[in-house]
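If you're matching them up, the sequences are chains A and B in order.
Going letter by letter, the first sequence gives residues 19 to 89 in our numbering.
Going letter by letter, the second sequence gives residues 27 to 280 in our numbering.
Since the hints were made in silico from the structure, they are not lab data.
A few of these clues could be false.
[Said to hold, decoys possible] List of simulated lysine to any residue pairs, SDA-like, C-alpha gap at most 25 Å:
#1 A:Lys85 <-> A:Leu60
#2 A:Lys85 <-> B:Glu35
#3 A:Lys21 <-> A:Ala36
#4 B:Lys252 <-> B:Tyr182
#5 A:Lys41 <-> B:Tyr182
#6 B:Lys212 <-> B:Leu248
#7 B:Lys41 <-> A:Thr27
#8 B:Lys41 <-> A:Ala36
#9 B:Lys215 <-> B:Leu248
#10 B:Lys214 <-> A:Phe84
#11 B:Lys41 <-> A:Ser51
#12 B:Lys252 <-> A:Leu60
#13 A:Lys42 <-> B:Pro32
#14 B:Lys252 <-> A:Phe59
#15 A:Lys42 <-> B:Ser246
#16 A:Lys48 <-> B:Leu248
#17 A:Lys48 <-> A:Leu65
#18 B:Lys252 <-> A:Ala36
#19 B:Lys218 <-> B:Leu189
[As the list claims (entries may be wrong)] Just a sample of chain A residues kept apart from chain B, beta carbon distances all over 12 Å, derived:
#20 Phe59
#21 Glu64
#22 Leu65
Keep in mind the model is a prediction, meaning the values are calculated, not measured.
All residues carry an ideal CB built from backbone N, CA and C; glycine is no exception.
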Amino acid sequence: MAKIEVDETRCKGCELCAAACAKKCIAMSKTFSATGYYPAFLCAPELCSGCGLCAQVCPDLAISVFKEAVR
Amino acid sequence: MLLINPRPESLVDVKMHYCPGCGHGVAHRLVAEAMDELGIRERTIGVAPVGCAVFSDDYFNCDMIQGAHGRGPAIATGLKRTRPDCIVFSYQGDGDLASIGMGETIHSAARGENITIIFINNATYGMTGGQMAPTTLMGQKASTCPLGRDPQVNGYPIKVCELLAQLEGARYLERVSLHTAAHVIKAKKAVKKAFQNQVDGKGFSLVEILSTCPTNMGISPLEATKFIADKMLAQYPLGVYKGAEGGKIDVSRN
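Could you build the full structure based on these sequences and the hints that come with them?
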């Protein structure tokens, strides 16, 4: 299990994360955020592998990537 | 669940003012992560440029100084010579480093100053409104060359890494890009090496980072990354121009 969380107050809707995602599980919201952009969100949580490519390309450091702790 | 990409300590936890899709945010993160991983944040002094990154002192969690346009390498030289224990880096754009500051850049490289320069090449003047920069590509449109850059009128682009590579004082020169996640990961290695060289006292290190300015190019952030892949890489080939591992390095300079 893995997931990402997008900080909507930081995301500026540049779509670079959605393009970088190999699993295509990031989409852009249809509604405005408080800052006036269409923020990214995890549209297919079951596909997310936690690879972190989205966070690599995010210019605003708005994406937090979570993974299950390895035992 | 475990957070695998915590925000670097060397980056203040505030929202950045850059435009959507701007490469500065990623470049800031790479510099901050290099500072964190080398454990040099408490003794690092950064030189902020004139350009969009002029406010980078709000973002880098280390000591910062802001210089006059293009004078970053000269200021960094002074800081490094008076405080040799400090790690000094200059963060500059192409208008700053390759245009008005070209003299300072070349001479600090020729002197072999033990400083690190992070050079953001986005082929345009970002802050002032998309004017033609020394690095603007052949045929690329800008607000001061609306028909595209013509060598008869505007001359040819300056390739900074190739230019500095012929100077004996330059120790490490590499050109990297930020247009895909894989290139960002490679860019991080280059930035870290540039700082490591300074920690080891090896001398002048410059990393040229191909970046995007979607606002002034008049295209979307995604199209801007495509512009790097299709157009910029052809005129600015990536790679290590000096100081490659296993390459010939003049060790007598240490």
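Status of each hint after checking the structure:
| no. | hint | in the structure |
| --- | --- | --- |
| 1 | A:Lys85 <-> A:Leu60 | holds (14 Å) |
| 2 | A:Lys85 <-> B:Glu35 | holds (21 Å) |
| 3 | A:Lys21 <-> A:Ala36 | holds (14 Å) |
| 4 | B:Lys252 <-> B:Tyr182 | holds (22 Å) |
| 5 | A:Lys41 <-> B:Tyr182 | violated (42 Å) |
| 6 | B:Lys212 <-> B:Leu248 | holds (20 Å) |
| 7 | B:Lys41 <-> A:Thr27 | holds (8 Å) |
| 8 | B:Lys41 <-> A:Ala36 | holds (21 Å) |
| 9 | B:Lys215 <-> B:Leu248 | holds (24 Å) |
| 10 | B:Lys214 <-> A:Phe84 | holds (21 Å) |
| 11 | B:Lys41 <-> A:Ser51 | holds (14 Å) |
| 12 | B:Lys252 <-> A:Leu60 | holds (24 Å) |
| 13 | A:Lys42 <-> B:Pro32 | holds (23 Å) |
| 14 | B:Lys252 <-> A:Phe59 | holds (23 Å) |
| 15 | A:Lys42 <-> B:Ser246 | holds (19 Å) |
| 16 | A:Lys48 <-> B:Leu248 | holds (18 Å) |
| 17 | A:Lys48 <-> A:Leu65 | holds (21 Å) |
| 18 | B:Lys252 <-> A:Ala36 | holds (15 Å) |
| 19 | B:Lys218 <-> B:Leu189 | holds (22 Å) |
| 20 | Phe59 | holds (16 Å) |
| 21 | Glu64 | holds (15 Å) |
| 22 | Leu65 | holds (16 Å) |
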